[in-house]
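Novice: Go ahead and model the full structure; you've got the sequences and the hints to work with.
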Amino acid sequence: MKFAPWIATPLALALAAALPAWAQKADMAAAEKEGKVVWYASVDVKVAEAIANEFKKQYPKIDVEVERSGSERVFQRVNQEHQSGIKHADVVNSSDATHFITWKQQKMLAKYTPTDVAKFPKQYVDPDGYYATWRASLCVMGYNTNLVPPNQVPKGYKDLLDPKWKGKLTKAHPGYSGTSLTGTYAITKTLGWDYLEKLSKQNVQQLQSTTATPKSIASGERAVMVDGNEYNMFIEIDKKSPVKIIYPVEGTPFVSSPVAIFADAPHPNAARVFADFLFSQKVQQYLVDNGGNRSVHPGVKEPAGRTPLKDIKIIPDDAEGLLPHVEEIKKRYAELFGGGK
Amino acid sequence: MSASSIPRERASTPAPGRARAFDPTAPFTVAMALVLATLVLLPLFWLGVTSLTDDKRHFTLSHFHRLFSDSTFLEPLWVTLWTSAAIGLACVVFAAPMAWLVARTNLPGKRFFRMLILASFVTPPFLGAFAWVLLGGPNAGLINKAYYALLGLQPFDARPLVDIFSAWGIVFVTALYTFPYVFTFVANSLDLIPSDLEEAASILGARTWRTALDITLPLVLPALLAGFLVAFLQSMTLFGVAAILALPASIDTMTTKIWSLFQFPPKPGLAAAASLPLLVITVVLLRAQAAIMGRRGYSVVGGKTTGQRAIRLGAWTPVALLPFVFVLSCSVALPYGVLAWTAFVKNYSAPLAGNLTLDNWRFVFLEFSQTRLALTNTFILGLTSATAGTLIAVTVGYLGARRLVWGHRALSFLATAPVAIPGIVLAVGLFLSYTHPPLVLYGTLAIIFLAYVTKEMPVGYQQVAASLRSVHPELEDASRIFGATRLRALFDITVPLIRNGVIATWMFIFIGCIRELSATILLFTASTKTVSVTMFDLRESNDWGPIAVLSLTMLAITFAMIAVINRFTDRRVS
Numbered sequence: 015m016k017f018a019p020w021i022a023t024p025l026a027l028a029l030a031a032a033l034p035a036w037a038q039k040a041d042m043a044a045a046e047k048e049g050k051v052v053w054y055a056s057v058d059v060k061v062a063e064a065i066a067n068e069f070k071k072q073y074p075k076i077d078v079e080v081e082r083s084g085s086e087r088v089f090q091r092v093n094q095e096h097q098s099g100i101k102h103a104d105v106v107n108s109s110d111a112t113h114f115i116t117w118k119q120q121k122m123l124a125k126y127t128p129t130d131v132a133k134f135p136k137q138y139v140d141p142d143g144y145y146a147t148w149r150a151s152l153c154v155m156g157y158n159t160n161l162v163p164p165n166q167v168p169k170g171y172k173d174l175l176d177p178k179w180k181g182k183l184t185k186a187h188p189g190y191s192g193t194s195l196t197g198t199y200a201i202t203k204t205l206g207w208d209y210l211e212k213l214s215k216q217n218v219q220q221l222q223s224t225t226a227t228p229k230s231i232a233s234g235e236r237a238v239m240v241d242g243n244e245y246n247m248f249i250e251i252d253k254k255s256p257v258k259i260i261y262p263v264e265g266t267p268f269v270s271s272p273v274a275i276f277a278d279a280p281h282p283n284a285a286r287v288f289a290d291f292l293f294s295q296k297v298q299q300y301l302v303d304n305g306g307n308r309s310v311h312p313g314v315k316e317p318a319g320r321t322p323l324k325d326i327k328i329i330p331d332d333a334e335g336l337l338p339h340v341e342e343i344k345k346r347y348a349e350l351f352g353g354g355k
Numbered sequence: 048m049s050a051s052s053i054p055r056e057r058a059s060t061p062a063p064g065r066a067r068a069f070d071p072t073a074p075f076t077v078a079m080a081l082v083l084a085t086l087v088l089l090p091l092f093w094l095g096v097t098s099l100t101d102d103k104r105h106f107t108l109s110h111f112h113r114l115f116s117d118s119t120f121l122e123p124l125w126v127t128l129w130t131s132a133a134i135g136l137a138c139v140v141f142a143a144p145m146a147w148l149v150a151r152t153n154l155p156g157k158r159f160f161r162m163l164i165l166a167s168f169v170t171p172p173f174l175g176a177f178a179w180v181l182l183g184g185p186n187a188g189l190i191n192k193a194y195y196a197l198l199g200l201q202p203f204d205a206r207p208l209v210d211i212f213s214a215w216g217i218v219f220v221t222a223l224y225t226f227p228y229v230f231t232f233v234a235n236s237l238d239l240i241p242s243d244l245e246e247a248a249s250i251l252g253a254r255t256w257r258t259a260l261d262i263t264l265p266l267v268l269p270a271l272l273a274g275f276l277v278a279f280l281q282s283m284t285l286f287g288v289a290a291i292l293a294l295p296a297s298i299d300t301m302t303t304k305i306w307s308l309f310q311f312p313p314k315p316g317l318a319a320a321a322s323l324p325l326l327v328i329t330v331v332l333l334r335a336q337a338a339i340m341g342r343r344g345y346s347v348v349g350g351k352t353t354g355q356r357a358i359r360l361g362a363w364t365p366v367a368l369l370p371f372v373f374v375l376s377c378s379v380a381l382p383y384g385v386l387a388w389t390a391f392v393k394n395y396s397a398p399l400a401g402n403l404t405l406d407n408w409r410f411v412f413l414e415f416s417q418t419r420l421a422l423t424n425t426f427i428l429g430l431t432s433a434t435a436g437t438l439i440a441v442t443v444g445y446l447g448a449r450r451l452v453w454g455h456r457a458l459s460f461l462a463t464a465p466v467a468i469p470g471i472v473l474a475v476g477l478f479l480s481y482t483h484p485p486l487v488l489y490g491t492l493a494i495i496f497l498a499y500v501t502k503e504m505p506v507g508y509q510q511v512a513a514s515l516r517s518v519h520p521e522l523e524d525a526s527r528i529f530g531a532t533r534l535r536a537l538f539d540i541t542v543p544l545i546r547n548g549v550i551a552t553w554m555f556i557f558i559g560c561i562r563e564l565s566a567t568i569l570l571f572t573a574s575t576k577t578v579s580v581t582m583f584d585l586r587e588s589n590d591w592g593p594i595a596v597l598s599l600t601m602l603a604i605t606f607a608m609i610a611v612i613n614r615f616t617d618r619r620v621s
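Protein sequence lines correspond, in order, to chains A and B. For the first sequence, position 75 matches number 89 in my numbering, and the numbering has no gaps at all. For the second sequence, position 136 matches number 183 in my numbering, and the numbering has no gaps at all.
The hints are simulated quantities; they were obtained by calculation from the structure and are not laboratory data. Accuracy of the hints is not assured; some may be wrong.
Said to hold, decoys possible - Subject to a maximum C-alpha distance of 16 Å in a straight line, what follows is the list of computed EDC-like cross-link-like pairs (lysine to aspartate or glutamate): (1) A/Lys172 - A/Asp208; (2) A/Lys71 - B/Glu414; (3) B/Lys393 - A/Asp252; (4) A/Lys50 - A/Asp290; (5) A/Lys345 - B/Asp117; (6) A/Lys345 - A/Glu211; (7) A/Lys121 - A/Asp140; (8) A/Lys253 - B/Asp406; (9) A/Lys178 - B/Asp204; (10) B/Lys314 - B/Asp101; (11) A/Lys180 - B/Asp204; (12) A/Lys296 - A/Glu316; (13) A/Lys70 - B/Asp117; (14) A/Lys258 - A/Asp290; (15) A/Lys212 - A/Asp176; (16) B/Lys314 - A/Glu341.
Claimed, not checked - Distance ranges between label pairs, derived from CB positions: (17) B/Thr119 - A/Leu337: 19 to 27 Å; (18) B/Thr404 - A/Lys327: 49 to 57 Å; (19) B/Leu197 - A/Val167: 26 to 34 Å; (20) A/Pro312 - B/Ala193: 49 to 57 Å; (21) B/Asp102 - A/Trp207: 41 to 49 Å; (22) A/Lys133 - B/Thr423: 26 to 34 Å; (23) A/Lys71 - B/Ala78: 50 to 58 Å; (24) A/Leu337 - B/Ala193: 47 to 55 Å; (25) A/Lys203 - B/Thr404: 54 to 62 Å; (26) B/Phe460 - A/Lys71: 52 to 60 Å; (27) B/Asn402 - A/Asn165: 29 to 37 Å.
What the hints assert, rightly or not - Among chain B residues calculated to face chain A with C-beta under 10 Å, some are: (28) Asp102; (29) Lys103; (30) Ala187; (31) Asp299; (32) Ser396; (33) Ser416; (34) Tyr489; (35) Ala573; (36) Trp591; (37) Pro593.
From a predicted model like this one, the values you see are computed outputs, not experimental measurements. Even for Gly, the Cβ is constructed at its ideal location relative to N, Cα and C.
Specialist: So this is what it looks like as structure tokens:
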């Protein structure tokens with residue numbers, strides 16, 4: 015569909031300008047007629063399916079198909095399908111915020127502001143109205159309490175270079191996971207590639223997803239996790255797995271995970287209803303309580319027992335700054351640690 | 048459709064006037080040839096073209112230059128070659144004595160062992176790899192945990208007993224599911240070799256071992272070599288095992304490399320170039336195998352003589368049982384056990400207390416929106432590919448067996464040629480052929496259907512051809528005399544006669560399709576996911592519970608199909 019943009023873009027712009035604001039709202043009847051919404055997401059598969067099932071309970075006439083994969087894989091699949099003229103995805107979530115910049119530049123996104131997003135702090139909403147931070151997670155370190163005695167717990171990334179951790183570390187892959195990409199970028203900025211080069215000599219178990227590394231230390235396969243989702247750590251801790259979170263002294267990468275609707279979504283109305291639902295206070299609170307995520311929704315309360323965001327030294331994410339380095343990071347990382355791509 | 052009803056039906060049909068009347072078989076043959084040629088040759092054509100051209104379709108050798116100069120390609124090629132060779136050797140070392148014990152001795156429990164070897168044969172290797180991650184993960188794997196507990200060691204302080212995340216892990220797991228090829232080759236060959244020579248040797252005073260080594264071994268050497276080559280080829284082209292076991296250890300093989308070249312933005316030129324070595328090696332080795340098997344230098348390999356002599360094992364029985372117990376525990380008992388365990392617990396590496404749950408089953412069958420889509424796709428693909436594949440196999444097999452038309456050799460060649468095209472290479476070729484006009488099939492089930500039909504055709508064709516050789520053409524001739532066309536004779540007379548063979552063919556193709564991963568992994572899109580791809584996705588986030596549930600489901604379906612096949616093939620005897 016190479017010919018589409020030059021016709022479609024002016025047309026869409028004209029339409030968007032001509033339509034009054036209320037036309038931007040979700041049309042329930044049309045959504046129910048479409049009967050389905052396809053959601054590509056990078057959030058943990060069980061969290062995603064639980065949200066999808068909640069949606070189906072509330073809107074029994076609209077089915078949800080969840081396509082869960084790592085953020086970078088989601089990006090690849092979306093682009094692969096777009097390039098081949100396949101229209102399948104309606105709503106997308108990825109933990110690599112640079113994807114949304116790229117898609118927006120390529121005019122692949124539809125403009126839509128879900129109801130509750132109007133209340134969100136401005137820095138979490140695209141000023142042009144194409145996407146907003148649906149959830150946020152921290153890219154944390156962690157360890158297995160059975161395998162690491164309390165006095166040995168590493169305090170930050172630098173401690174992991176100690177020879178005693180050789181063969182005991184696990185890390186996700188920035189070529190697969192957006193969280194890992196954001197986290198690895200933060201590491202290269204604070205500690206440099208030199209650090210990663212030394213880390214690669216530590217015989218690190220190379221997993222793909224930052225949802226996988228917490229499961230690896232929970233099972234005791236490795237003792238310390240270099241990067242993983244804070245929310246999966248919360249889920250493991252709730253399951254009474256023997257793991258604890260480390261917020262590294264160098265700082266903890268903050269990872270925005272936006273949601274957007276595609277311009278050529280096959281179910282545009284259902285997509286809007288679904289986006290409204292995803293950003294609603296109910297789902298945002300669910301993401302925090304059961305999904306272990308952080309939310310930027312002003313109405314959401316942090317559950318007791320979790321370290322509040324303000325007490326954690328955060329490395330803010332910087333999608334604009336990361337974007338030009340994405341390919342370089344993936345390539346150099348793969349040279350050091352190997353693994354797909 | 049009994050044979051007796053046919054004369055009555057035909058009597059009312061006017062017989063064709065002349066023997067030289069237009070035979071509708073001819074255009075049909077041409078059509079079939081076109082279909083086969085498109086299926087097989089088009090992907091190969093685009094593979095060749097893409098590997099030799101740049102983005103603007105100008106001739107270039109840069110892809111090959113990169114391939115053979117860049118260490119990120121040479122390293123995987125080397126890993127692929129040595130692991131495949133090691134797998135071939137491992138298969139021979141274990142399977143050959145096992146086959147000899149089953150064929151020549153009074154080993155107890157032969158039937159049971161043969162059943163378990165069949166089970167290893169039909170277990171998708173990537174399922175075995177999943178199970179072995181749970182068993183042989185260096186620290187959380189159940190075997191290593193037991194080993195640490197037994198010796199009072201702490202994980203990480205000591206070296207694990209097994210580290211499955213390694214190139215040797217690939218060798219071990221792949222060998223477990225490839226040795227049945229060698230076993231079958233050698234066992235069949237032994238069945239055909241009369242034991243006269245062996246008896247002569249023992250009458251002349253040779254001990255049992257001496258006889259086995261000096262007489263039997265040289266006789267089965269061709270079968271051993273052929274088995275080695277088949278095991279080598281199987282291993283070289285597998286994607287799942289390598290992706291599951293080697294990627295976490297930062298090791299690439301050719302198949303995982305080709306797969307990563309297909310991640311967006313795809314690098315088709317490099318992927319095509321990287322596919323060609325696999326294709327060339329396969330073709331060369333298959334020719335070598337055909338030469339070895341076809342030589343028949345040992346003229347004793349022929350008809351059976353009566354009364355095979357069973358060697359009495361006596362006190363050696365426990366020793367003889369060892370390889371069976373070891374191999375079959377590793378290939379069937381332990382993996383199936385750990386999958387069953389994982390399917391019903393929250394954390395596979397935690398103790399039983401408070402760990403039991405049905406959550407994984409509930410998640411997979413009630414909450415996971417991919418399950419229904421993936422099962423539906425898998426079944427649609429299985430049913431359509433098996434049906435189309437069987438139809439093609441029957442028709443081409445018939446034309447070939449009866450030497451009906453000029454060019455039937457070409458048809459047979461085309462039908463068996465895909466044997467030389469590794470699944471992932473075929474997928475690269477199909478991707479290149481059907482992502483641009485005139486026929487854009489990428490993103491539909493059709494492209495996966497084409498992959499499955501093409502990939503399974505040789506198996507189907509050989510099955511049907513074997514059945515057809517056992518049917519004498521006189522009944523067909525009779526129906527032809529009564530005026531039936533060739534096709535009519537085929538479907539009314541011959542197909543019912545080889546019904547069991549046809550049904551078995553259908554089932555074999557079906558089983559082959561529902562477990563396919565190596566080609567599907569490059570061709571699927573979100574709406575065309577299959578069960579195998581879904582499991583692979585779940586693996587990337589370590590969701591072992593749901594993977595175990597899907598594995599058990601897949602095994603259950605496979606074994607149900609095999610039970611059906613057995614029922615049909617048993618009936619032929621009665």
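Novice: All the hints need checking, so say for each whether the structure fits it.
Specialist: A quick look at each hint next to the structure:
| no. | hint | in the structure |
| --- | --- | --- |
| 1 | A/Lys172 - A/Asp208 | holds (11 Å) |
| 2 | A/Lys71 - B/Glu414 | holds (12 Å) |
| 3 | B/Lys393 - A/Asp252 | holds (12 Å) |
| 4 | A/Lys50 - A/Asp290 | holds (15 Å) |
| 5 | A/Lys345 - B/Asp117 | holds (14 Å) |
| 6 | A/Lys345 - A/Glu211 | holds (13 Å) |
| 7 | A/Lys121 - A/Asp140 | holds (14 Å) |
| 8 | A/Lys253 - B/Asp406 | holds (13 Å) |
| 9 | A/Lys178 - B/Asp204 | holds (10 Å) |
| 10 | B/Lys314 - B/Asp101 | holds (10 Å) |
| 11 | A/Lys180 - B/Asp204 | holds (11 Å) |
| 12 | A/Lys296 - A/Glu316 | holds (13 Å) |
| 13 | A/Lys70 - B/Asp117 | violated (51 Å) |
| 14 | A/Lys258 - A/Asp290 | violated (34 Å) |
| 15 | A/Lys212 - A/Asp176 | holds (10 Å) |
| 16 | B/Lys314 - A/Glu341 | holds (14 Å) |
| 17 | B/Thr119 - A/Leu337: 19 to 27 Å | holds (25 Å) |
| 18 | B/Thr404 - A/Lys327: 49 to 57 Å | violated (38 Å) |
| 19 | B/Leu197 - A/Val167: 26 to 34 Å | holds (29 Å) |
| 20 | A/Pro312 - B/Ala193: 49 to 57 Å | holds (52 Å) |
| 21 | B/Asp102 - A/Trp207: 41 to 49 Å | violated (31 Å) |
| 22 | A/Lys133 - B/Thr423: 26 to 34 Å | violated (41 Å) |
| 23 | A/Lys71 - B/Ala78: 50 to 58 Å | holds (53 Å) |
| 24 | A/Leu337 - B/Ala193: 47 to 55 Å | holds (49 Å) |
| 25 | A/Lys203 - B/Thr404: 54 to 62 Å | violated (42 Å) |
| 26 | B/Phe460 - A/Lys71: 52 to 60 Å | holds (58 Å) |
| 27 | B/Asn402 - A/Asn165: 29 to 37 Å | holds (30 Å) |
| 28 | Asp102 | violated (14 Å) |
| 29 | Lys103 | violated (16 Å) |
| 30 | Ala187 | holds (4 Å) |
| 31 | Asp299 | holds (7 Å) |
| 32 | Ser396 | holds (4 Å) |
| 33 | Ser416 | holds (5 Å) |
| 34 | Tyr489 | holds (5 Å) |
| 35 | Ala573 | holds (4 Å) |
| 36 | Trp591 | holds (8 Å) |
| 37 | Pro593 | holds (8 Å) |
Comparing the model with each earlier hint shows violations of hints 13, 14, 18, 21, 22, 25, 28, 29; every other hint is respected.
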